[in-house]
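*Asks:* Go ahead and model the full structure; you've got the sequences and the hints to work with.
As a plain string of letters, each chain reads:
2 protein chains.
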Amino acid sequence: MAQLWSKPPVPTAASTKPPRPLYTFLFIVILCILGFYTLHYAHSAPPLSTSQNALRLFLSAATNFTLSAYLRDLTLHPHLAGTKPSLRTTHYVLNHFTSLGLRAHAVAYDALLSYPTHSSLSAHFSNGTELVFPLSESTGSGSGNGNDAVVRPYHAYSPSGTARGAMAVFVNFGREEDYRALGGMGVNVSGCVVIARKGGGLPRAAVVERAALNGAVAVLLYTGGDRFRKGFERGTVMRGLGDPLSPGWAGVEGGEKLGLGDDEVSGRFPKIPSLPLSVDDAEVILESLGGAPTPSEWRDALDLKVDHVGPGPTLVDFDYQGEKKVVKIHNVFAVIKGLEEPERYVLLGNHRDAWTYGAVDPNSGTAALLDIARRFSLMMRSGWRPRRTIVLCSWDAEEFGMMSNPVTKSEKKSWEIGSTEWVEQNLVNLGSKAVAYLNVDCAVQGPGFFAGATPQLDNLLLEVIKKVEDPDSEGETMYQKWASRNSENNIERLGRVDSDFAAFVQHAGVPSVDMYYGADFPTYHTAFDSYDWMINYGDPSFKRHVAVAGVWGLLALHLADDPILPFNYISYAEQLKRHKEVLSNLLGGLVSLSPLSTSIQDFASAAKEAEIETQKLREQETTSELVVLKKRALNDRLIFAERGFLDTDGLEGRRWFKHLIYGPSSDPESKLDFFPGIADAISRTTRMSLSQKKAIIQHEVWRVARAIQRATSALRGELT
Amino acid sequence: MAQLWSKPPVPTAASTKPPRPLYTFLFIVILCILGFYTLHYAHSAPPLSTSQNALRLFLSAATNFTLSAYLRDLTLHPHLAGTKPSLRTTHYVLNHFTSLGLRAHAVAYDALLSYPTHSSLSAHFSNGTELVFPLSESTGSGSGNGNDAVVRPYHAYSPSGTARGAMAVFVNFGREEDYRALGGMGVNVSGCVVIARKGGGLPRAAVVERAALNGAVAVLLYTGGDRFRKGFERGTVMRGLGDPLSPGWAGVEGGEKLGLGDDEVSGRFPKIPSLPLSVDDAEVILESLGGAPTPSEWRDALDLKVDHVGPGPTLVDFDYQGEKKVVKIHNVFAVIKGLEEPERYVLLGNHRDAWTYGAVDPNSGTAALLDIARRFSLMMRSGWRPRRTIVLCSWDAEEFGMMSNPVTKSEKKSWEIGSTEWVEQNLVNLGSKAVAYLNVDCAVQGPGFFAGATPQLDNLLLEVIKKVEDPDSEGETMYQKWASRNSENNIERLGRVDSDFAAFVQHAGVPSVDMYYGADFPTYHTAFDSYDWMINYGDPSFKRHVAVAGVWGLLALHLADDPILPFNYISYAEQLKRHKEVLSNLLGGLVSLSPLSTSIQDFASAAKEAEIETQKLREQETTSELVVLKKRALNDRLIFAERGFLDTDGLEGRRWFKHLIYGPSSDPESKLDFFPGIADAISRTTRMSLSQKKAIIQHEVWRVARAIQRATSALRGELT
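Heads up: the sequence lines are chains X and H, in that order.
Under the UniProt record's numbering, the first residue of the first sequence carries the number 1, and numbering increases by one thereafter.
Under the UniProt record's numbering, the first residue of the second sequence carries the number 1, and numbering increases by one thereafter.
Just so you know, the hints here were simulated from the structure itself, not pulled from any lab data.
Be aware that a few hints might be false.
[Stated by the list, open to error] Restraint-style ranges between C-beta atoms, simulated for each label pair: (1) X:D280 to H:S689: 48 to 56 Å; (2) X:V151 to H:S689: 38 to 46 Å; (3) H:S689 to X:L590: 46 to 54 Å; (4) X:A106 to H:G383: 31 to 39 Å; (5) X:N486 to H:H105: 45 to 53 Å; (6) X:S594 to H:T162: 41 to 49 Å; (7) H:N585 to X:S691: 51 to 59 Å.
[Stated by the list, open to error] Examples of chain H residues lying across from chain X (beta carbon under 7 Å, computed): (8) E256; (9) E343; (10) V428; (11) T623; (12) E625; (13) L629; (14) G644.
Glycine included, each C-beta is placed from N, C-alpha and C at the ideal position.
*Replies:* Set out below in structure tokens:
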């Protein structure tokens, strides 16, 4: 191409010398070819038109057996991050990518992880009998071989510690109000081993911290609800962001590392030891408690019969010994270079490490990622190349990552290390070049499709699920099922920090999507999260895997191939309006929200203008320099609008969180799962004077209003 | 164009029906036109080739009389920010732009400024005589009419205050070491009116603050050196950033404003009042002092004869009354929209407000800006349009802005409000779209060309001054004169905060240039800074004005028109190496600088790669979509590399400063005018234990190393 276009002499020569017949003929022929080529190129430049074929090709390549095979392979052995079997999955994914002919590589980081060396628990009952708990899960034949390699139940980053003959006491969810209730009954937990039930919005770290504040010497945490009664829920109890030794920067080999003794590091680990407990084991102890009667308001919500909360008479011997180790973790990437815009990135991400076999969490998602890779490489062999670069990301050590803070109604798991380190390392390039991040963690944990997104991606998401068959109802699209289930738009927002999208949205301001099948699953973080459970309960036909892979891939193809990005900020504006209404009902005129209303209105009209411009430019198919750069400029504005919501100063006291619309509130019981700065201001000022309270909340309202103004001017792309 | 290109039927139709002779002929004609047009367009697209003509056209349009006329008009009346005459200059500049047919507009902000209402000073000598100082400058006929309107000498934001019969005492520069010396002689300044000499790296605010800490009740500040002995140097004594009522955000109308009572606001004003003093008046008091003899090390550096430092016997009556007012300030813009890349901005900026007539400071620069506007509009009438958008910025209220901190050897003036507010308001768009900011404050204050730049602009700057005649030596280019004066590269760096480039470089990470003729001038901030001084001393022939306007405009044209941006990061790498050497000599092995060496090496090789790529792409003249996007991508990397030096957390305790290579150190006596975070760590830890000292400095070294890594990956544009 380039050569052809840069040959000027022909016409100039022609214009100077009077041409002879043969020359004229040749000249005409050349021009015919040229003219046709030009028009053809200009009219239907392949990259612009392949998009539709690509979508068809991708959907037609769907198979369930490949997915089940990938999942089987990934879940043969438990693969806890930093262990040998985990390294095996690293190579498995890397080989899969390379064997498909994709450009793949792994990026290693040094991270501080935590493993158990010994644990024991026994109860001494008032009748003199003693019971020693095995603290292990007999998963039977069902859970695949290599069960011996399942890590014993523990809480990552718990300090080692022993308690002998300590009285057991039940503290419900271990929330402040629970301890107030106990205090009201004259129950003092200091010196006791606290038994708490997981839930109530409190992450493990917060439960342990509050128990320590109340003088407890150790914590036993069981997970109620619809669980396998013999399962122990593993998890982390660390606070803070990413690798504890490299807070705020990437823990690359040879990079800066804080010492374990550094306050900033040690401050993130709990002060007292803790262990998970199975429902069965918890019941044995709880039934044997005497002392104060269980408050009725607790009892109603309880799934176990607990008549008394103690303390005692049952005594507990508790022992946990663990070690913290700096180990290598590996993120694996496959890169499909874009043809026209190689320096614009569409990222698909899923974490690979698991507490045990990880059939649901996270390898149902990994299987989908691997199948998308297979289908993309098929398409490439038939000549397809994306317009923009597609990056498939397989993250490591997600499970060891941390809840910086309690966040969601269903605080499921902790926030990962691998993706955080990578985002920190690539912040500038992501900030200037990332189009979107599409996250899938537990792809399939049961029936029902759930999705979360930054709102400019709502429309695309709904359009895409119109194109994918519903796995659970013959002949229906996912959209039809979804619509019948959700009267109104039920897309979640991404203020949570419970999966890999957190760093992308809340630190880098990258438009993102997160999705999964099933609200929850009973084998969560237990040895029972195995391939057998998946084929017996989770997704016997693997149709749900097919569905998630389909949606995931189509989203990627649209974002990578559409000449104009399929972003729609009108839905973002509407969402912001709804958020504002919720806030104003909550605050009831305490402060003025007019700065917010004004900025949202302005944002809404900018969104409309952008939508009109988008429609106009979509129709322009020429590839003249002017049009090409016009489209690029509009696309960039659509990308950068999300960055506008970032504030360089970040959230008060938690500067790593830069996004003022979506991020975790530091108060687990906060009523807001958006505007985290305002949410914090509200809970921070509960005990302050009205004037102080007003001033602090009003200031945070202003900050959010200014963030929305930044997004507006980024979307308009005009300097004032 | 677009229409023409998107007409496909012609050839396809031709391929289906056998054409009749006439049709064939028509078809051929159409194709000839098409083909020729295509090739012509592809080969010499006007915008790509105008660049050279544009440069010639611009240089040929140079005149000195336009410049002198503009300066004369601007300096007819004193135009202190927020006053009526200042509003007149706003309209003058706005009308100038619009009358030239340029798209122009003004952006208003509400800012808290400060004006004097009353001031008086008298001295009572030991011989019983009294002297009342007029505290005004009789500038004679020379200073233009309307002299009555010159604001009386004062320090902006000084609190009102009175001192009666207080003993006068001399404290040299008012540095800590000066007070130590006085203490050593048993001299106690508490209750006294302190007389200090400006200089020693201390900004006014710091002089007043230290005097207050030592118990002084008021401060009289005179400026020694080569000054008009009757001149009073006005200036600000506020600390902090931008408008004090909107710290860190834009003080737009109806936006958030802190109250005057807010600690964050009041904390930025001095605790005791102060006034400027002329050298003549200072001498009268200083000569009359008794008490302790003047330390010899002070005396050597003094330009006045001061035998004793006091206190007394001379007594002083001091009275200053002022008011702080929220007033409107106006930034004025002319926008020349780019043809191919309208959403890439090249910004030229100068402030407009002055303490008095502002012939040097700043309107010698304003005259140059207005003349560049004239010459650009001439070029536009002859068909020229820049490739990228050029924005001419005329800032307001620079003089009221503040020294956040002492900075340079020659801390001349304070940092401005107008540009800071605007940068804060446009942060996202500037971050993603600003190519460069070119600043000129005092264009001409005397002989000799001085320039500062972020290092990737060094080469362009040197290339450009090769094209401009030297105003002071017939037949020589500015480069020849410059080279003869500077053995090695003497381009300053932009870590200072004494003009409008500060917010662009240190907050937004925009590559910038600053330049001026003359090292210093004797009428600085006095009523003598008038048109007459300029035509009698500063630049009688206005050739220096012509030279500055020439360099300024050529820089802008290259940055706006060159298809590949004329950035060269190799010189940035070399500069960083030199900085590192200076640092290592200073620290002498106290901490390890190897993280720095490693990152600088990597940056250097990335710079070489980028340079090679640049050369390659410069040769590709086609405008195919692929090449167009390739060039855009490279240009973006060249722009974003500078952003990489920003750290989202900013400097410790001064988060507004995001740039880790160039920014002000908080220690006026710091040996480093780069790596401000490291400079702060060094001065912050002087009294700490060696281990603490090492740890804190080492951490800051790591932060700088990571910033350089970010710049490297931005320059490479690759994700890890």
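*Asks:* Now look at each hint and say whether the structure bears it out.
*Replies:* Hints versus structure:
no.: 1; hint: X:D280 to H:S689: 48 to 56 Å; verdict: holds, 55 Å
no.: 2; hint: X:V151 to H:S689: 38 to 46 Å; verdict: holds, 42 Å
no.: 3; hint: H:S689 to X:L590: 46 to 54 Å; verdict: holds, 48 Å
no.: 4; hint: X:A106 to H:G383: 31 to 39 Å; verdict: violated, 55 Å
no.: 5; hint: X:N486 to H:H105: 45 to 53 Å; verdict: holds, 47 Å
no.: 6; hint: X:S594 to H:T162: 41 to 49 Å; verdict: holds, 43 Å
no.: 7; hint: H:N585 to X:S691: 51 to 59 Å; verdict: holds, 54 Å
no.: 8; hint: E256; verdict: holds, 4 Å
no.: 9; hint: E343; verdict: holds, 4 Å
no.: 10; hint: V428; verdict: holds, 4 Å
no.: 11; hint: T623; verdict: holds, 4 Å
no.: 12; hint: E625; verdict: holds, 4 Å
no.: 13; hint: L629; verdict: holds, 6 Å
no.: 14; hint: G644; verdict: holds, 5 Å
Hint 4 alone, counting from the list given before, is not met by this structure.
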